[in-house]
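Novice: Here's the letter readout for the chains.
Protein chains: 2
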Amino acid sequence: MKICRINMRNKSVTFEDVKADYLALGGRGLTSRIISDEVDPTCHPLGRNNKLVIAPGLLSGTMAPSSGRLSVGTKSPLTGTIKESNAGGTAAQSLAKLGYKAIIIEDKPAEHELNLLKITPEGITIEDADYLTMKGNYEVGDILREKFGAKTTVMSLGQAGEMRLTSASIAVTDTEGHPTRHCGRGGTGAVLGSKGIKAIVIDPGKINEVNYHDRNAFIKASRSFAKMVLDHPVSGQGLPTYGTAVLVNILNEAGGLPTDNFRDGRFEFAESISGETMYETINKRNGNPTHACHPGCIMKCSQIYNDKNGEYLTGGFEYETIWAFGAHCHIKDLDAIAMMDRLCDDIGIDTIEAGVTIGIAMEGKYIELGDKDGAIQLLKEVGKGSPIGRIIGNGAAFTGQAFGTERVPVVKKQAIPAYDPRSVKGIGVTYATTPMGADHTAGYSVTANVLGVGGSIDPLKKEGQVELSRNLQVATAALDSTGLCLFVAFPILDNDGALPEIAHMINAKYNTEIGVPEIVSLGQEILKLEKEFNKNAGFTKSHDRLPEFFKEKLAPHNVTFDITGEELDTTLEF
Amino acid sequence: MKICRINMRNKSVTFEDVKADYLALGGRGLTSRIISDEVDPTCHPLGRNNKLVIAPGLLSGTMAPSSGRLSVGTKSPLTGTIKESNAGGTAAQSLAKLGYKAIIIEDKPAEHELNLLKITPEGITIEDADYLTMKGNYEVGDILREKFGAKTTVMSLGQAGEMRLTSASIAVTDTEGHPTRHCGRGGTGAVLGSKGIKAIVIDPGKINEVNYHDRNAFIKASRSFAKMVLDHPVSGQGLPTYGTAVLVNILNEAGGLPTDNFRDGRFEFAESISGETMYETINKRNGNPTHACHPGCIMKCSQIYNDKNGEYLTGGFEYETIWAFGAHCHIKDLDAIAMMDRLCDDIGIDTIEAGVTIGIAMEGKYIELGDKDGAIQLLKEVGKGSPIGRIIGNGAAFTGQAFGTERVPVVKKQAIPAYDPRSVKGIGVTYATTPMGADHTAGYSVTANVLGVGGSIDPLKKEGQVELSRNLQVATAALDSTGLCLFVAFPILDNDGALPEIAHMINAKYNTEIGVPEIVSLGQEILKLEKEFNKNAGFTKSHDRLPEFFKEKLAPHNVTFDITGEELDTTLEF
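Protein sequence lines, in the order shown, are assigned to chains A and B. If you count the first sequence from 1, you need to add 83 to reach my numbering. If you count the second sequence from 1, you need to add 83 to reach my numbering.
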């Protein structure tokens, strides 16, 4: 394993051995560690002193099921905090097979430039990429596969990242070559854009396996773990059939589906945008409801969503996306929402941030609530870089300021996703306290609050929520370091045998002797590092709070977010 | 004296006696105290929980020379800090004569509304003002004087405040009825707009004097003080002749006139935009170079600047404005800059923020450096509320984010004004550490650094700068509480007899027994309150820093800003 350091000022590419204390790290654990070690927390996120670190997880590239997650770490231009954003797709496995522990991109060109990084078994080269100027991710992928081969993995920026808009994502191609998987949250695409990089093409050539200390032991643990994943009703049945959109009806029933910019917990047209409706629609149009975003994924929560003519429209069409453009904006047309998902993938912006932002443009009366054509047009403006497009592309907090409205659901300037923190209080604790800015994936308390996974904690009461969020945030920080998809958390939470099998896989690959306690310690250490970075960047507990309007009562349960600041402040104390 | 509390939700107007511990406060001292006492530091600046406090100074309305400053305090939507922004014009004297210690505006209408406050000897009423929708300050003034009488003082918002753009100012009419005096910095106009108030009309009727404990003693101290002001070369000669624009040539000579977005310390066309050129131009066109913004001002730094046809164009045309649209944007046409000053006054935005922001739009290549027509057009767009106008109207940091550029001269998101902190290091200390965000008036170290007033401290060396800024920040906080124009600081700094005369005036009016030590204590107490508010709002010492690019060397002296964070952190320790 090696670390590659790429300086975009002088265009140098150097290789380093992995430091001893980085050896046991991967994914988020490694990106957060390198950013903490090397980046001044007070630097401008788009300036010379920020860095962007790309790291596969500890198990990426192995036979472990659903182990294709890639971590990107940086100081976020959206939140100003440390950021780890991870994506599926085919990049992590390719990088791991090529022996990359991490790639560190630093400094930036003196003037605006467009380059691409070409990664092959021969090494890494930096090439001019002016011919990709202001092209969307779909076209970029087509051009680069034409140029570098059909099997090339492409990580790329759409127009948004090139313009350094703070909701810009980094797209990663899926198994079909579509740019549907994204490091979405926190504007990592803007940082890559500031470094003058439009795309990274990865061709592992004939290298198709990673090294194992004990291959047989790995196979044994991996098979046992895969069975647990497939035996769980959520990861084995719900996700493969309906994708994450299965949550639309569930959250609506729970009164936790934020509607009309968090004015209601239920959406009258939830059925029209539900996972069940999506499933029927996909089947009717000869799409595919059960699609893996990377080889070896056994949960296959992705899908191929075709348009009315049966032509491919989009994939990786998630619950949070459907919520953001749907219930949040009072839009009930699933095809329109699918078009918006595709536009976000193409332009390269986070769908959660974009959908919440469109709702804020409605709040500010720039377009009417529910105006699906207006919403689609606004997204197209982002791709054009018009002034209104630049407003929308900079996210919800920015758009709220542009239109002078204060009802903006953000924490640390990152949009609050698809679960109302008043009726799913555990997730509210996560939004407020994760070092990442509002992020459901950082500690997905929806499990015990709504899904009955990992026990059951009344989502409407404050009792137990802080502890629930704490435990999940710790476990997630560790899981985000393995390269395993977060959805393996479902079997882990319900099956005490699952987490030990992850330890067994790590031990079999790396000749280590870790167990569950070491995994927990790893999660805690990562969170401590991240909190320390944020503290030095100027964040205080006053930033670990939800917006004031969550003191308003939410129908149908008439609940407020009543967990106090003092209670929130204990969440990540350990 | 009384305090009036106006609730804009239920439209109540109530009067309160002045609390004992508010009696000795006025201006900034009182606004910062009330905001500290009554506003949650974590509230959204445009939400229901922010308040806006209007307070004349302790000496406003008296015979004291140049005592017409009005303070407006709030939590700033631009910086997120506590904010006091003060203006000249005729409002402070009228309010003081009507017996107002302060007016506190709280809560906000449920939906967007436009009202005006009518203040007369009979009391305060709230009236509908829909007929003023999206009108500029010049037209608003004309309409309201037509309606309420020619001598009415008008405080108003242009289009910017109505749209709650965060560089929005509150205009105050001068002695000609022109809206040339502004609470400019920090977006106080956006807060007033969020409260649903477009204008405040003040008619003191026949009340033309305030009460004095000892009128004769007041007259004596006041005359002595006035003589000191007139005897000082800056306040007695420089300002009345050339206005503050006298500084263009001085700062250019000192290598401290930031040019082309802080890339140079000298502007090749400085002479074209100098105070001397302005003076000649005004005289040639039968304007007036020596104009008082309020009755009783003896420094008369304002002017009437006519256009080429001899028609009134603008007034209150300041050095910082000329710098911002001039050297910073590489524009050398004084008439174009005067037009931009007028547009800012009319639309109701801070000229410093606006000029720096236009320069950032140039940095982001939205228009070309030096494009005066493009700059004028951008300001007009602010008045229209188009998307690009909303970007510009939200200031420099916002515009930098919109265009993905990190070279943005701001501290706490407020634009750095007209003195380069590398070659005038004392002012750099003030920018970094004042609780207000970058603000030259908060501790005007240019005095000893460049003007040789109050001693002389080498502006290129770090020695003595922290102490200089500290002393000036303390004195300024106190002066901002008196209602006296800040420019009385020139005689105060050079004449030990001046500050005692201010104490004598206060004592003669209020039957108190304060001296210079109490004035110093007052300044320190105000700064402590303000810092505490900011701390609770989430500010840390990491926010008391200049942008990274001030580590670049500045020509012609090839100096960097080399005062360390640790040194800066001692500035307001007392």
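A few of these clues could be false.
The list cannot tell twin chains apart, which means a pair is met if one copy fits it or any two copies do.
Here are the simulated DSBU-like pairs of lysine-lysine, each with C-alpha atoms no more than 35 Å apart in a straight line [claimed, not checked]:
{"hint": "1", "residue 1": "K467", "residue 2": "K448"}
{"hint": "2", "residue 1": "K463", "residue 2": "K234"}
{"hint": "3", "residue 1": "K545", "residue 2": "K634"}
{"hint": "4", "residue 1": "K102", "residue 2": "K634"}
{"hint": "5", "residue 1": "K618", "residue 2": "K303"}
{"hint": "6", "residue 1": "K545", "residue 2": "K614"}
{"hint": "7", "residue 1": "K467", "residue 2": "K415"}
It should be emphasised that the hints constitute simulated quantities derived from the structure, not laboratory data.
Novice: Which of the listed hints are broken here?
Specialist: 5
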